[in-house]
Every structure is written in structure tokens, then in C-alpha cells.
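What follows is each chain in one-letter form.
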Amino acid sequence: MATQTETKNNSFILSGPKNIIYEDRPVPELKDPYDVLLQVNFTGICGSDIHYWQHGKIGDYVVKDPMVLGHESSGTVLETGSSVKSLAKGDRVAMEPGVPCRRCVRCKEGFYNLCQDMAFAATPPYDGTLAKYYVLPEDFCYKLPEHVSLEEGALLEPLAVAVHITRQSNIKHGNTVVVFGAGPVGILCAAVAKSLGASKIVSVDINQERLKFIKKFAEPITTTYVSQKISAQENAANIIKENDLGEGADVAIDASGAEPSIQAAIHVLRKGGSYVQGGMGRDECTFPIMAACTKELKISGSFRYSQGDYQTALNLVSNGDVKVKDVISRKVSFQDALQAFEDIRDGKGIKVLIGGPE
Amino acid sequence: MAPSSEIQSLVLHGAKDLRLETRPAPQPKPNEVQVTIKATGLCGSDLHYYTHGRNGNFVLQSPMCLGHEAAGVVTAVPEQPASNDTTITPADSSLKVGDRVALEVGIPCRTCNLCATGRYNLCPKLSFRSSAKTFPHADGTLQDAITQPANMCHKIPESMSFEEGALIEPLAVCLHAINRSQTAGSGSGVPLTGSTALVIGAGAMGMLTAAALSVSGVTQIVIADIDAPRLKICEGLGGGKFGIKTFLIPKKAPLPTTEENLASATELAAQVSAFAGLATGFDRVYECTGVPPCVQLGIFASTPGGKLVLVGMGNPVQTLPLGAAALREVDIIGVFRYANCYPPAIQMFASGKLAGIADALVSHRVPLSEGSKAFRLAANQAQEGEDEGRVAVKVMITA
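These protein sequences, in sequence, are chains A and B.
Residue numbers for the first sequence follow the numbering used here, beginning at 1 and rising by one.
Residue numbers for the second sequence follow the numbering used here, beginning at 1 and rising by one.
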């Protein structure tokens with residue numbers, strides 16, 4: 001393994017399931033006049049990175065060739081293309097890691113997250129951001145104001161996911177919200193829901209440590225519920241009763257991917273309520289479809305983020321509405337990146353940041 | 001608090017002819033409650049009736065009490081209906097004597113198509129207190145006590161004052177406008193969070209709209225008016241943490257031609273947009289004056305694809321640059337009162353996010369017995385010294 005001082009673009013690479021190597025990759029070049037060359041400063045780890053590491057694939061996305069991992073990053077501008085107007089060398093930015101084609105039907109309709117040819121960092125076959133350098137178009141870099149740190153900048157990616165999920169629910173001021181799953185995305189969904197005016201938020205999980213954290217993070221309107229090994233209807237009834245949710249919650253978000261949570265979410269909603277599937281778990285599950293039908297629930301999926309979500313996430317951090325700093329459990333150096341992966345695999349901490357190579 | 005058998009009512013007999021009269025206290029019928037009124041805010045429509053004996057096309061046909069922005073306390077509930085009386089539907093048994101409530105005073109028919117599709121504010125048979133639109137007129141809340149269907153009395157928490165309770169009605173108007181700026185027209189527009197909004201008119205409605213927008217996550221709010229003292233109050237709203245920026249519109253006499261007036265409005269719109277650092281205008285504009293040059297400004301200051309909400313009720317017939325709106329897909333959205341907005345309005349106050357708003361907006365408090373003074377203050381026609389040196393924003397009659 002080459003040491004950092006000898007490499008040009010040291011990269012953290014998945015070469016096969018459970019097999020990580022460091023390799024020096026070519027420094028990426030500016031290809032388009034709107035491109036920006038960035039030095040990556042911090043990268044957070046996501047469940048998908050862990051999944052590719054452990055299984056070598058997620059659904060149909062299979063890691064066939066060695067691939068650089070990571071996509072939740074912040075960086076500093078080194079070089080700008082000839083048409084770049086809003087960024088200059090030295091600017092600190094949050095990096096939106098998925099560049100759509102801008103030409104397909106979905107892109108032109110306004111749903112670029114659903115682009116047919118999306119080039120997303122660390123989704124095969126595209127390399128991720130756990131390297132020294134990365135190139136992005138100007139409009140996928142969000143300049144951080146003075147008072148927002150690069151560490152916080154790396155949290156904008158999961159926060160943008162949470163913003164998108166919450167927007168999909170069409171949450172209105174005063175709504176009651178139940179979030180299933182108190183991992184990073186669930187935590188951030190609760191915080192976003194709070195800033196969008198939710199009157200009550202109930203966070204549900206089996207992990208009491210995480211529930212303790214989320215209760216403080218989205219206080220004072222957030223309460224918690226520990227899922228029990230009873231039927232989904234009973235868990236839902238308990239949640240409603242313990243939190244005075246009346247006929248049921250207005251909004252339920254699943255940020256767990258777990259079947260019992262998905263079922264309980266459907267049962268915890270009032271008639272006419274909204275359900276959003278944000279969490280990723282097994283491909284198929286047993287779903288209370290008749291409850292969804294007779295309660296006329298609005299059911300949406302949610303995938304990554306689209307126009308405006310990253311900016312909204314930046315606004316929420318910049319205003320102090322969502323204190324993402326509190327979600328950072330630990331920072332490790334680039335050389336110790338594997339430790340971050342092991343921590344998250346073992347359920348330790350919430351968000352671990354990996355520093356960029358020096 | 002035992003209800004007395006007689007009450008005082010402030011009755012309008014004609015323009016500027018208000019008389020304090022004694023009446024028997026109303027007794028609640030089944031499904032109603034008796035509410036002793038603690039605070040009523042005065043609205044522009046009340047002022048029109050007071051000043052002219054009419055509000056646009058609605059002319060006073062018989063003596064009527066004004067006032068509809070009210071909060072009070074339940075002082076009597078009906079006796080239990082006879083157990084074998086099947087003509088009486090179950091009353092709302094959740095209200096008890098002593099409960100503090102905000103009053104929603106427009107009673108819809110609940111059976112027409114509009115009521116059934118959630119737009120009961122537009123119900124043609126809706127009977128609204130203090131409005132001469134329907135006859136016989138339903139008396140307003142400028143009385144010691146009224147009776148009201150229990151399901152149109154919304155409980156307010158102990159943490160809310162009666163003055164805040166009396167602001168629920170105008171806040172409901174603002175929330176309805178904000179809802180319509182997200183649901184009406186061609187799609188919901190950009191999410192409120194992080195969006196930009198221009199409020200034209202710094203009266204009570206403009207101020208409440210700006211505050212509600214801030215609480216709803218809009219990050220850039222500019223409020224514009226010709227009156228500097230009102231703008232000063234806006235700057236201080238929410239202890240300054242609403243981040244509302246103010247823009248003083250230079251007072252100008254209308255120019256001789258329509259073309260010149262529209263050119264002037266276009267230029268003003270460019271200045272306000274530049275002030276906010278916006279290249280193409282605001283995502284949403286809430287016009288809270290009804291004055292034609294302001295509505296014109298509203299159209300020009302909207303970004304393409306934006307939304308202009310007409311909150312202010314002014315001239316019903318206006319000359320407007322329709323092309324500038326239509327060809328840029330700026331939706332022009334009308335609003336009338338509110339539907340299902342009392343609960344979120346109460347929630348907004350109960351959350352504490354509007355702390356200090358009542359103190360900022362309620363400029364004058366007057367007892368029922370001095371009702372005429374309250375109307376003079378609200379109409380900016382106060383006698384010498386009556387205004388105590390404060391600009392009238394929301395004048396309330398308080399018990």
C-alpha cells in the first residue's frame with residue numbers, strides 16, 4: 001500500500017466483497033467548461049457504503065470492477081472551468097454527488113433524481129468521493145457560508161435525503177409525525193419535520209441509545225417509543241394512545257426498511273394520512289394493503305434528492321434550525337477510514353466522518 | 001363566573017351611529033354554548049360599516065353588532081336534551097363552563113358541494129357575524145356575550161391570552177392565504193422552506209402574514225409599505241428573529257396615464273427585487289392592501305412561475321398588467337376568509353413561535369362602553385390625544 005506522501009490521488013477502494021485497498025488513481029480532469037476540481041475534505045459513511053462493502057452489491061447494482069467508495073462529502077475548490085462564475089479557488093463547498101444527464105424525460109420534467117443515466121458517486125460503475133480529488137459541475141457544489149464548517153458540509157447529503165423524504169410527505173404546519181427508525185436519516189427527518197412546523201413527532205426504534213439521542217436532537221416536541229415484539233397494530237395503537245394522536249398521525253415516515261416498522265407505520269396513520277418509504281431493507285414485504293386502501297392513505301417512495309433539496313438542507317444548517325454538528329460521533333483520518341466502516345457496521349456512533357487525504 | 005341575565009351590546013344603526021344597548025343575555029340552544037367575550041379585534045370590514053353604513057355591495061338593512069375577531073370564555077352550556085328527543089344531534093360535550101375559546105363566526109350549511117369538498121368558506125348560505133351580506137344580519141361579537149355552535153368554538157390553551165385568541169381569526173386569514181399560495185394555481189410551487197416572499201402592506205394583515213411566513217420556514221421575507229413607523233414595528237417582530245426586511249415605498253401621486261403608472265410599478269418592482277438580491281423576483285407575493293398600484297407591483301415583483309395572493313380587499317375593479325402575469329405563468333390567487341385554519345393557527349400560537357406578536361400588533365385597548373373611540377382609532381380619525389402617540393395597528397375592544 002503506497003503511503004500518502006508518495007501518491008497523487010490516494011483512493012479508498014472496494015475491490016471485492018469485504019475487501020478494501022488503497023490505490024493511487026489518476027487525478028481527475030476538468031472535462032466541461034462548467035466543471036470544478038475539488039479537494040475532498042470530509043466524507044461521511046452511509047448504509048449503502050457498508051452494504052456494498054459487505055455484500056458487493058445492492059439489488060441490481062453489482063460492483064464488477066474495483067470502485068472508490070463514499071458520497072457524503074465536502075471539499076475545497078482547486079480549479080474551475082472556463083465558464084464557472086460563482087466559485088473560485090479556495091471556496092469551501094458541500095458536494096452533491098449525483099450528476100443527472102439533464103436530457104432525459106425525467107430530468108426535463110423536473111425529477112432529476114429519477115434520471116435514467118444518473119452518474120452517482122459510489123454506485124457502480126461510478127467512483128465515489130473517498131479520494132483526494134473529485135470533479136463536479138458548478139451547480140452541484142454549494143458554497144458554504146463562513147459560519148458553516150466543512151464537517152457540517154459533509155452532513156448536507158444525508159440532510160438533503162431527509163428534506164426530500166419530508167417533502168414527499170407534504171407535511172403541513174401543525175401536523176403530527178411518526179418516524180420509524182432512529183438512525184441518521186430518521187434523526188434528520190425528525191429535525192426537518194420539526195423545522196417545517198410539525199406539532200408532535202414520535203420516534204420509533206428498538207435501540208434505546210438512539211432514541212435518547214433523537215429525543216434531545218429534536219426537542220421539545222419529540223417523544224420516543226420502543227417497538228415491542230407484538231403485532232404491528234398493537235404497536236401502532238400504543239403509539240397513538242401514549243402520544244394523544246387522536247385518530248392517528250398525519251404523517252408516517254419509514255427510515256428503517258424493517259417490515260414490522262412499515263406495517264406499524266400504516267396502522268399508526270389516520271384516514272387520509274401520508275406515508276413515505278425512505279428506509280431501504282428487503283426488496284419485498286408483507287404490506288397492510290387493505291388498511292392503506294380503506295384509509296385512503298397517500299403512499300410515496302423517496303429516492304435521494306431533487307431540485308432545491310440540497311439548498312434547503314444548507315439553509316436549515318445555516319439558520320441553525322438543524323444542528324448537524326451534534327450528529328457527528330467521530331472523525332478519523334483517511335488512513336484509518338476502515339475503522340469508520342467497522343464502527344458503522346457494528347452500530348457504533350451515528351455519523352463518522354473520514355478526513356480527506358492530506 | 002355566573003352569567004348575568006342582561007348584557008351590553010354595541011349596535012350600529014347607521015354610519016358612525018353606534019349605540020350601547022342593554023339586551024337579555026342569550027341562552028345556549030342545544031349544540032350551542034354561551035361565550036362571554038373577552039377581546040374583539042377590529043377589522044377593515046368593521047370600519048367600512050362604521051364609516052359608510054356599508055361594506056362594498058353589502059348595505060346595512062337593520063341595526064347590527066359589528067366585530068368578528070373574538071375570543072372569550074364559555075359561561076353557559078345547554079341543559080341536557082331530553083333522552084327520547086331524537087331531533088337533537090349530540091352536542092359537542094367537550095366544551096365546559098370555564099373553557100377559553102377562539103370563535104369561528106361563519107356558520108356554513110355543511111350540505112352543499114362546496115362544504116362537502118372542504119371549501120366551506122365559499123358556502124353561499126354561510127352566515128357570518130357582523131356581515132350585512134345575508135339578511136337577517138347575524139350580530140357580531142362586540143357584545144358582552146353571544147351564543148355560538150359549540151363546534152365553531154375552538155379551545156385555546158392556558159398559555160394563550162384572550163388577545164392572542166382574538167388574533168386567531170386574522171391569523172387564520174393569513175394561513176389560508178399561505179395554504180392557497182401552495183395549492184392553488186399550477187402546482188404547489190417551490191417549497192416554503194428557503195423560498196422568498198414579498199408582503200405588500202404593513203397593516204395587521206401584512207405583519208401577521210410576514211410572521212406566519214417566517215414561522216413556516218420562508219427564509220427571505222421583505223415587507224413593503226409607504227409608512228415608516230409601521231415598517232419599524234415589522235423590523236422588531238419576534239424580537240427581530242423573524243428576519244423580516246423592510247422596504248419603504250416612496251409616496252407618489254398617480255401619474256396621468258396607465259402606461260406611466262405601470263412603468264413606475266415595473267421600476268419599483270425591480271428596486272424591491274434588487275433590494276432582496278433577487279434577479280427575477282419573489283417566489284410568492286402576498287398583496288395585503290387592495291390598492292391598485294400595489295397589486296400592479298405585486299405582479300411585476302413575482303418571479304416567473306410565481307404566485308401572487310390577493311389578501312387585501314380594495315377596489316373590486318382594477319386596471320392590471322394581466323399579460324405580465326399570464327405570459328410568465330404567475331398565478332393570481334384570490335382568497336376569502338379561511339377554511340380549517342383555526343386549529344393550525346392556534347397551534348402556531350401554542351408553539352410559542354409567535355411570542356410577542358400580540359404585544360407588537362395590539363396598539364390600543366378600549367372597553368366596549370367606549371366603542372366609538374375604538375373605531376375612530378382604527379380608522380385613523382382619532383380625536384386629539386386619543387392615540388396616545390402610537391400608530392393604530394390592531395385596535396381591540398377588551399373586557
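Hints may be right or wrong, so weigh each one.
[Claimed, not checked] If we take Cβ atoms under 8 Å as the criterion, some of the chain A residues that face chain B in the derived model are: (1) Ser48; (2) Ser86; (3) Arg167; (4) Gly174; (5) Ser195; (6) Leu196; (7) Ser199; (8) Thr223; (9) Ser227; (10) Ser231; (11) Gly308; (12) Gly320.
[Unchecked claim] Lysine to aspartate or glutamate pairs mimicking DMTMM-like chemistry, simulated, CA-CA at most 25 Å apart: (13) B:Lys245 / B:Glu235; (14) A:Lys108 / B:Glu21; (15) A:Lys172 / B:Glu21; (16) B:Lys245 / A:Glu146; (17) A:Lys216 / A:Glu138; (18) B:Lys155 / A:Glu242; (19) B:Lys373 / B:Glu6; (20) B:Lys353 / A:Glu259; (21) B:Lys353 / A:Glu151; (22) B:Lys373 / B:Glu21; (23) A:Lys108 / B:Asp331; (24) B:Lys155 / A:Asp244; (25) B:Lys96 / A:Glu219; (26) B:Lys155 / A:Asp321; (27) B:Lys241 / A:Asp65; (28) A:Lys271 / A:Glu259; (29) A:Lys323 / A:Glu247; (30) B:Lys241 / A:Asp321; (31) A:Lys215 / A:Asp244; (32) A:Lys348 / A:Glu151; (33) A:Lys57 / A:Glu242; (34) A:Lys172 / A:Glu242; (35) B:Lys245 / B:Glu259; (36) B:Lys353 / B:Glu267; (37) A:Lys85 / A:Glu138; (38) B:Lys245 / A:Glu151; (39) A:Lys241 / B:Asp99; (40) B:Lys252 / B:Glu267.
For the record, the hints were derived by calculation from the structure and aren't laboratory data.
C-beta atoms are modelled at their ideal positions from N, C-alpha and C, and glycine is treated no differently.
Tested hints:
no., hint, in the structure
1, Ser48, "25 Å, violated"
2, Ser86, "13 Å, violated"
3, Arg167, "6 Å, holds"
4, Gly174, "4 Å, holds"
5, Ser195, "6 Å, holds"
6, Leu196, "6 Å, holds"
7, Ser199, "5 Å, holds"
8, Thr223, "16 Å, violated"
9, Ser227, "28 Å, violated"
10, Ser231, "31 Å, violated"
11, Gly308, "6 Å, holds"
12, Gly320, "10 Å, violated"
13, B:Lys245 / B:Glu235, "7 Å, holds"
14, A:Lys108 / B:Glu21, "67 Å, violated"
15, A:Lys172 / B:Glu21, "44 Å, violated"
16, B:Lys245 / A:Glu146, "22 Å, holds"
17, A:Lys216 / A:Glu138, "36 Å, violated"
18, B:Lys155 / A:Glu242, "22 Å, holds"
19, B:Lys373 / B:Glu6, "24 Å, holds"
20, B:Lys353 / A:Glu259, "37 Å, violated"
21, B:Lys353 / A:Glu151, "30 Å, violated"
22, B:Lys373 / B:Glu21, "17 Å, holds"
23, A:Lys108 / B:Asp331, "22 Å, holds"
24, B:Lys155 / A:Asp244, "16 Å, holds"
25, B:Lys96 / A:Glu219, "32 Å, violated"
26, B:Lys155 / A:Asp321, "30 Å, violated"
27, B:Lys241 / A:Asp65, "52 Å, violated"
28, A:Lys271 / A:Glu259, "21 Å, holds"
29, A:Lys323 / A:Glu247, "32 Å, violated"
30, B:Lys241 / A:Asp321, "12 Å, holds"
31, A:Lys215 / A:Asp244, "17 Å, holds"
32, A:Lys348 / A:Glu151, "19 Å, holds"
33, A:Lys57 / A:Glu242, "40 Å, violated"
34, A:Lys172 / A:Glu242, "22 Å, holds"
35, B:Lys245 / B:Glu259, "30 Å, violated"
36, B:Lys353 / B:Glu267, "36 Å, violated"
37, A:Lys85 / A:Glu138, "8 Å, holds"
38, B:Lys245 / A:Glu151, "31 Å, violated"
39, A:Lys241 / B:Asp99, "24 Å, holds"
40, B:Lys252 / B:Glu267, "13 Å, holds"
In this structure, the hints that do not hold are numbers 1, 2, 8, 9, 10, 12, 14, 15, 17, 20, 21, 25, 26, 27, 29, 33, 35, 36 and 38, in rising order.
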